[in-house]
Amino acid sequence: LPPPTVIPSFDPRFFRPCTFPLLRELGYGTRVTVNNGVGPDSPFATPMTVSMTAFDNAGGTVGSTPEVATLAPGELIKLDIDAELAGIPDAPGDGDLLVMLHVVPTKWAAESSVDIPTAEMMAHVRASDDFIEYHQRPKGVVTGVAYQTGPLNDPRLSSTRTTVCQAPKVIVTEPVDTLFSLMNLSTRPDYADTVRMDFWILGRQGERFVRSAVEVPPFSFRLVSATEVLEQAGMLADYRSSGGTGMFLGLSKNGTLVPISLTLNRASGAIACDHTLPPVFYLSTWGGDARLRANARLEQEFFSERSAIAAAPPEVHA
Amino acid sequence: VSVVADVRSRVANDVRRRDARMGRAPRMAYTHYFIQSEGLHSRIHLQNFYSTFWPQVREPAMAHILVHDDRGQFQGSAQREIPPFGSLFLEVSELLAELGSQATEGTVAIDLEPPTGVRAQFHELPDAEEAEIKTPFWMAYYDDTENYMYVHSIDTLGGEVFGASRLLRWSMTRSVAKGERWHSWRLLDSERLSDLQVVCINHSPESRSTVVGVYSPDISTTLYEHAVNLAPRALERVRVPAQELAAWSTRHPAIRHVRIGLDPLLTGNGKPYVIMRYASGPPSLHHG
Chain Z
1 LPPPTVIPSF DPRFFRPCTF PLLRELGYGT RVTVNNGVGP DSPFATPMTV SMTAFDNAGG
61 TVGSTPEVAT LAPGELIKLD IDAELAGIPD APGDGDLLVM LHVVPTKWAA ESSVDIPTAE
121 MMAHVRASDD FIEYHQRPKG VVTGVAYQTG PLNDPRLSST RTTVCQAPKV IVTEPVDTLF
181 SLMNLSTRPD YADTVRMDFW ILGRQGERFV RSAVEVPPFS FRLVSATEVL EQAGMLADYR
241 SSGGTGMFLG LSKNGTLVPI SLTLNRASGA IACDHTLPPV FYLSTWGGDA RLRANARLEQ
301 EFFSERSAIA AAPPEVHA
Chain U
319 VSVVADVRSR VANDVRRRDA RMGRAPRMAY THYFIQSEGL HSRIHLQNFY STFWPQVREP
379 AMAHILVHDD RGQFQGSAQR EIPPFGSLFL EVSELLAELG SQATEGTVAI DLEPPTGVRA
439 QFHELPDAEE AEIKTPFWMA YYDDTENYMY VHSIDTLGGE VFGASRLLRW SMTRSVAKGE
499 RWHSWRLLDS ERLSDLQVVC INHSPESRST VVGVYSPDIS TTLYEHAVNL APRALERVRV
559 PAQELAAWST RHPAIRHVRI GLDPLLTGNG KPYVIMRYAS GPPSLHHG
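These protein sequence lines are chains Z and U, in that order. The numbering of the first sequence is the numbering used here, which starts it at 1 and goes up by one. The numbering of the second sequence is the numbering used here, which starts it at 319 and goes up by one.
Be careful, since some hints might not be right.
What the hints assert, rightly or not - Below, computed lysine-lysine pairings styled on DSBU-like, alpha-carbon distance capped at 30 Å:
| no. | chain 1 | residue 1 | chain 2 | residue 2 |
| --- | --- | --- | --- | --- |
| 1 | Z | K107 | U | K589 |
| 2 | Z | K139 | Z | K78 |
| 3 | Z | K107 | Z | K78 |
| 4 | U | K496 | U | K589 |
| 5 | U | K589 | Z | K139 |
In case anyone wonders, no lab produced these hints; they're calculated from the structure.
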């Protein structure tokens, strides 16, 4: 079903969020270029206010900042997220944190619930392409990825919520590991669903090496280390002898996860990060019933009870 | 006239829908930059993505790989079979050696041809009259000690369509649209930049020109501009002179961040690749 033209009682902090994990455990700081991408010529142009909320590893709210920036239509700004965290007194100095920037039209800055025209929200989401930049402390490696985090896991905007992740980016050659960051986000403040992703690590010929799963609480992220998953299943040596490269194939049936791959050189600490691509990048009109049927086939083939289950831990953290 | 146009449009849609459902949906090849110099190596990462949609099909898909050098000269093509749920990890050095090419920079485009069993499933494509199949892939760039950078696909090989009827291919390739004026949504720290290179690629089959620039965040100040004229399929890696980078902080002390721009993008989504370095750190390669 198409989304409604107006979403009533919407918390405007989720109108145009920009959400990302901090990689402090990997020795990286975070800077974000965030924009008000709808320029002054658009009927939806509006000044925006930016504030920030941090979530802990269990998805609990650590705290929020007051306004950290304002953006005129078409303006962009680069924020040092580690410095801005000082505005959240309870934020710990280390450990995993998920951070959400709230980019909110100033007309709603003081509101906690508004009726939002869907077209206006989507105009702002589509125009966004925030760049999340990670910088290694103190060596100076700079990496990053640009993406949008629009309406997710919100039944008001989407009737089906599943994720298929296909990423031919597994590299576990010494000293390289590949981590998959999986974020569980929503545009509802009362969202409370833990999303499970079942996944396989496949070899370059499509052979099945390890099956495992990860559960991601709401408003949190998990890092899955391909090396650790293979190692704990006793398959690392075999995988490396077959080339050490292959594909991560994941399926979530109960929600949407945002996957980002991190290719980590454990010797230098350098990271390459990039997002995966949703099905419409491959088949332009994919969706609806065809997508659900394909997911069912994929589940039957790889994730049903009859699929061989390798001895792997249920959840692995890097 | 509108009735005639309506009928024509309906007939065209019917033909395209029927063709797609019979396995002849149009396919586009995504294109990536490669570099085998500056201490960098390039490697193609591509999976048999058809398997994810139709896992019941047990046939391999065929990757057709087209290579052009930085001047746009066609270097040749290669094929690789990818098994169901398999992945291709192809060193560009191996590809160039196979083709006898001496190129150290250029582009690779890939069309993953579906096997017969997959084409037989195309009746399932939603809105088949609009369906297009593309082959996104990743290019991994890495140095001698395996420090990686990744770029995902952003634009296709203009003027080429595969798999469809001749009429549809003609209709879809007779013009390759230019993009608009574009400025990156990423801000770079101007004071810390020690190297900045912008790779402009002409994905189209005709000569095109653009202007590469570096600007203040609000575009009101131009710090650097360079005109680029490119042959079909050619690219140019524009290196901002080191003395320019060094002079910015003196010349424009209030500008702490800069953004890259192209006027216009040479094709619809033909954003440049950017190689940059802060101070003495390692290089970073990303798309604009």
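Status of each hint after checking the structure:
Taking the CA atoms of K107 (chain Z) and K589 (chain U), the gap is about 34 Å. The hint is violated against a cut of 30 Å. Of the supplied pair hints, the one linking K139 (chain Z) and K78 (chain Z) holds, its CA atoms being roughly 21 Å apart against a limit of 30 Å. With a C-alpha separation of about 23 Å, the suggested pairing of K107 (chain Z) with K78 (chain Z) holds against the 30 Å cut-off. Only pairs whose Cα atoms come within 30 Å are accepted, and K496 (chain U) paired with K589 (chain U) is accepted, the gap being roughly 12 Å.
Only pairs whose Cα atoms come within 30 Å are accepted, and K589 (chain U) paired with K139 (chain Z) is accepted, the gap being roughly 29 Å.
Violation of the numbered hints given earlier is confined to hint 1; every other hint is satisfied by the structure.
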